[in-house]
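Asks: If you want the building blocks of each chain, they are given just below.
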Amino acid sequence: MLFLRHNLIATTYPLRSLTRRLSSKVPFDINDTDDKYKELNTMYSDMFTPSNPSHQPHTSEPAKKARTLSEEIAELNNEIDSVYHVNKPGISAEELESHVKSPGKFILKSISNNPYYNLALENYLFRNTPLKATGNGEPFTSQRLLFYINRPCAVIGKNQTVWQEVYLHELEKRGYDLLRRLSGGGTVIHDLGNVNYSYITSRNQFDSSFFNKLIIRWLLNYDPSLPIELNKRGDILFDQKKCSGSAYKIASGKAYHHGTMLINSDLNKFHGLLKPHTKEGVHWETPSVGSVRSDISTIGLDSADDFIDICVDGFQTEFGDKTGERVPVYLCDEVTSVNEDIRTTMETLQSDAWKYRSGPKFNVKFDESGAVIHVEKGIITYSNMQDLVGMPFKSIWQDAIVRQSIYTGKF
Amino acid sequence: MLSVAAISRIAVRTAPRAAPLRLFLRCQSSSAVQNHLNKDELPFKFSAAGPKLVKYTKEHEWLAMHADGTTFLGITDYAAAALGDATYIELPEEGTAVEASDSIGSVESVKSASEVYVPVAGEIIEGNTELEASPQLINSDPMGKGWIAKLKIDEKANQAALDELFSLEQYEEFLKSDE
Numbered sequence: 001m002l003f004l005r006h007n008l009i010a011t012t013y014p015l016r017s018l019t020r021r022l023s024s025k026v027p028f029d030i031n032d033t034d035d036k037y038k039e040l041n042t043m044y045s046d047m048f049t050p051s052n053p054s055h056q057p058h059t060s061e062p063a064k065k066a067r068t069l070s071e072e073i074a075e076l077n078n079e080i081d082s083v084y085h086v087n088k089p090g091i092s093a094e095e096l097e098s099h100v101k102s103p104g105k106f107i108l109k110s111i112s113n114n115p116y117y118n119l120a121l122e123n124y125l126f127r128n129t130p131l132k133a134t135g136n137g138e139p140f141t142s143q144r145l146l147f148y149i150n151r152p153c154a155v156i157g158k159n160q161t162v163w164q165e166v167y168l169h170e171l172e173k174r175g176y177d178l179l180r181r182l183s184g185g186g187t188v189i190h191d192l193g194n195v196n197y198s199y200i201t202s203r204n205q206f207d208s209s210f211f212n213k214l215i216i217r218w219l220l221n222y223d224p225s226l227p228i229e230l231n232k233r234g235d236i237l238f239d240q241k242k243c244s245g246s247a248y249k250i251a252s253g254k255a256y257h258h259g260t261m262l263i264n265s266d267l268n269k270f271h272g273l274l275k276p277h278t279k280e281g282v283h284w285e286t287p288s289v290g291s292v293r294s295d296i297s298t299i300g301l302d303s304a305d306d307f308i309d310i311c312v313d314g315f316q317t318e319f320g321d322k323t324g325e326r327v328p329v330y331l332c333d334e335v336t337s338v339n340e341d342i343r344t345t346m347e348t349l350q351s352d353a354w355k356y357r358s359g360p361k362f363n364v365k366f367d368e369s370g371a372v373i374h375v376e377k378g379i380i381t382y383s384n385m386q387d388l389v390g391m392p393f394k395s396i397w398q399d400a401i402v403r404q405s406i407y408t409g410k411f
Numbered sequence: 001m002l003s004v005a006a007i008s009r010i011a012v013r014t015a016p017r018a019a020p021l022r023l024f025l026r027c028q029s030s031s032a033v034q035n036h037l038n039k040d041e042l043p044f045k046f047s048a049a050g051p052k053l054v055k056y057t058k059e060h061e062w063l064a065m066h067a068d069g070t071t072f073l074g075i076t077d078y079a080a081a082a083l084g085d086a087t088y089i090e091l092p093e094e095g096t097a098v099e100a101s102d103s104i105g106s107v108e109s110v111k112s113a114s115e116v117y118v119p120v121a122g123e124i125i126e127g128n129t130e131l132e133a134s135p136q137l138i139n140s141d142p143m144g145k146g147w148i149a150k151l152k153i154d155e156k157a158n159q160a161a162l163d164e165l166f167s168l169e170q171y172e173e174f175l176k177s178d179e
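Taken in sequence, the protein lines are chains A and B. Everything in the first sequence is counted per UniProt numbering, starting at 1 for the first residue and increasing by one. Everything in the second sequence is counted per UniProt numbering, starting at 1 for the first residue and increasing by one.
Be aware that one or more of the hints could be misleading.
Stated by the list, open to error - Straight-line Cα separation of at most 30 Å, BS3-like style, residue types lysine-lysine; simulated pairs:
| # | chain 1 | residue 1 | chain 2 | residue 2 |
| --- | --- | --- | --- | --- |
| 1 | B | Lys39 | B | Lys176 |
| 2 | B | Lys152 | A | Lys101 |
| 3 | B | Lys152 | A | Lys361 |
| 4 | A | Lys322 | B | Lys176 |
| 5 | B | Lys176 | A | Lys132 |
| 6 | A | Lys132 | B | Lys58 |
| 7 | A | Lys101 | B | Lys58 |
| 8 | A | Lys213 | B | Lys39 |
| 9 | A | Lys365 | A | Lys394 |
| 10 | B | Lys145 | A | Lys105 |
| 11 | B | Lys150 | A | Lys377 |
| 12 | B | Lys52 | B | Lys176 |
| 13 | A | Lys377 | B | Lys152 |
| 14 | B | Lys52 | A | Lys361 |
| 15 | A | Lys361 | B | Lys176 |
| 16 | A | Lys355 | B | Lys150 |
| 17 | B | Lys145 | A | Lys213 |
| 18 | A | Lys105 | B | Lys58 |
| 19 | B | Lys145 | B | Lys39 |
| 20 | A | Lys132 | A | Lys173 |
Keep in mind the hints are simulated off the structure, nothing from the lab.
Same shape as in the complex, but just chain A:
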């Protein structure tokens, strides 16, 4: 019963999470008949997770006694349903629209791993969150939090140059999608061991370090021994290595802070996907936004769900209203929780026009062949190899002969 109660919020990998939660959160085996251990265990739980109501069996005891057997069974069924997503696909398109466009706080959890859907859902949520609850002068109260986990992909910033950031061929070979996101910042690699969070607020309340400070506080409440801190760029470090990267978007009086959190990704698999800062014999001239290369680390949690649960609980405590009404959590999936708006953004994100032909102009020179190439909107506008002019920059790397005549190294 005790461990089931942690999982009121549906989880993506329920069984693994449940067993791990039991083994990781409890200092030693609980024997419910042994009052000494029960009390000790409660004390530990209360100390480390003061905000989590499910850690307070003593205070909830009277309410529990008042329940009938059928209520108990109904509750158990609900909890099992939510753990297994039985009868709980994502909310419908109508529900999504209604929640998003009405004022108020809530949490969305995407159960899709499709990065195009997740980024489009994020954009839909951001664009359609109402700025004012009731006319001018009222403070913004519609803060929202979204979680999603993407299948393997590389995500570049809005104003970056694809070819400066990633080895496209390598991404393709290893089955990683490439996406250009709508926010600023540098390139990150996502996989199923990485959780993305997105906090939406008003432009006026936006502070780039606000949400990561909260995450650090929540994580330290959960486990005070976690070696986590904020660096000067507002990113979260684990053991002095970056475990989380952040980027921001500001539009229409609103802002979001989204970030990655490496939970249990196999970091070795990320090697060789991102390009080093400088490559001998290749010279770039561009106003593009660069990426800051950092040593990375996963954070010391057992599962993505642990992280999400900690943040959900923290958010509900931080943003819960005075009446005790819980900030609701809704699930989204790409089959039911989708609409034209989201589909259109997905198409844009998938298009070559957005991925390869938007972003800053650039000039690149290759010592090996002496080739000089100027590119605007993905198209070669000037080159000393005249045949290239007018071609998409992307296409010259798809033709082995052209490619070899320009550069024989890994590009």
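Add chain B to chain A, keeping to what the hints say.
Replies: Positioned in the frame of chain A, the structure of chain B alone reads:
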């Protein structure tokens, strides 16, 4: 959605309440920044008489319209200070027809992409290409050398939209009062 049991748990919840959020940008609004058009630069000096009107938006853009309809657009001192060091300015394309409240570009600073809107309808004559090599002009002179777009607008057709924009006094008041 919530089971009876879940509701009863809420009722006994004793979690501490959050401290109120503090506004991050507002603290920078009152002190040094002026939000005046720089009289020594093109957006002001484009015509001998200077701009016919200078207006401000809720999205923190400024707009300076000259008698012939030539209009410069940029972001205010306040916005530039709040965004921090600009690293890349996405400029609008020459010849683009724009409608009121279209996004015409963006300012990237410290990993944040901030959209820039045009509050009137018109046509983009040029984007300020100086910003390609020197995005920091957005911070050093946002209301002068750091102008983002030059447009041609029809004053009469835009009268209603122009009337809705803030004067400097209204904008300053908005900065003080806006939550």
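Asks: Hint compliance check: list the failing hint numbers for this structure, sorted ascending.
Replies: 2, 8, 10, 14, 15, 17 and 20
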